[in-house]
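**Student:** Sequence:
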Amino acid sequence: MPLALLADVVGEIVAPLMVWCKEFRGPFQKKSQDWIQDERRSGGMLVDKNCHHFDLMNWWVGARPKRVAAFGSNAVNRVLEGNHQVNDHATVNFEYENGVMGTLQICLFALDFPHEDLEMGIVGEGGVLQTRVSQIEIHQWKRGTQQKEPIVHKVPAKFGEGWGNHLGFDEIHLEFVSCIREKRQPLTSVENCIHGTLLAVAAEEAIRKKQVVEL
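Residue numbers (the numbering used here): 27 to 241.
Worth flagging that the hints you see were computed from the coordinates, not collected in a lab.
Careful: at least some of the hints might be erroneous.
[What the hints assert, rightly or not] BS3-like, lysine-lysine: derived pairs with alpha carbons at most 25 Å apart:
(1) K235 to K48
(2) K48 to K180
(3) K92 to K180
(4) K48 to K168
(5) K48 to K92
(6) K209 to K48
(7) K168 to K180
(8) K236 to K92
(9) K174 to K48
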């Protein structure tokens, strides 16, 4: 989908009021010395797995996250002995400075590849946009209509290729090179990435302290 068309589709839901991410999947892929499973060497599940999703939701909303509440624990995926195993499921609720609300649910002992699917979406006054990453589609529901099926927008992108590769991997690198050659700014910035990571760090803290954390 060209960016101009994507902008038109996003505009049809008016301003975002809620954003969400749901990922029910299998466990982390094996890492060297299981560092990603060890809270002493990793940032925790939400930092290492979901900072990218927080980053994307922040970008959609166009505002900084203000406060976050989260709950999580380790129930199934025990890789390390002792008390340093990272969580394997969590639910996170957060609020932005402009009043938009967001939520993220993650579970690492649910569906295994290729059945796992990442779902993200935006709810606005004019309707809903929802991703179907496994099919590289965006589904649109317009408020006030009698739709029985969503409007399906196909996104021209390659599927992940090879072990550990991700959807959009090739496009990200090509865009990076193009920005350098054409001397233009990318769609997102380092500051955007910082706030996505800060939200993930605050969510991990909220789980540990069992309280709402202000950013």
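**Student:** Taking the hints in turn, state whether each one holds.
**Tutor:** Results of checking the hints against the structure:
1. With a C-alpha separation of about 23 Å, the suggested pairing of K235 with K48 holds against the 25 Å cut-off.
2. Straight-line distance between C-alpha atoms of K48 and K180 comes to about 20 Å, which keeps the hinted pair within the 25 Å bound.
3. Straight-line distance between C-alpha atoms of K92 and K180 comes to about 34 Å, which puts the hinted pair past the 25 Å bound.
4. Of the pairs offered as hints, the one joining K48 and K168 holds, with about 21 Å between alpha carbons and a cut-off of 25 Å not exceeded.
5. Our distance criterion of 25 Å between C-alpha atoms is met by K48 and K92, whose separation comes to about 21 Å.
6. Using a Cα cut-off of 25 Å, the hinted pair K209 and K48 is violated, with the two alpha carbons roughly 36 Å apart.
7. Restraint check: the Cα-Cα separation between K168 and K180 comes to about 17 Å, which is no more than 25 Å; the hinted pair holds.
8. With a C-alpha separation of about 17 Å, the suggested pair K236 and K92 falls inside the 25 Å cut-off, and the hint holds.
9. For the hint linking K174 to K48, the alpha-carbon distance of about 23 Å falls within 25 Å, and the restraint holds.
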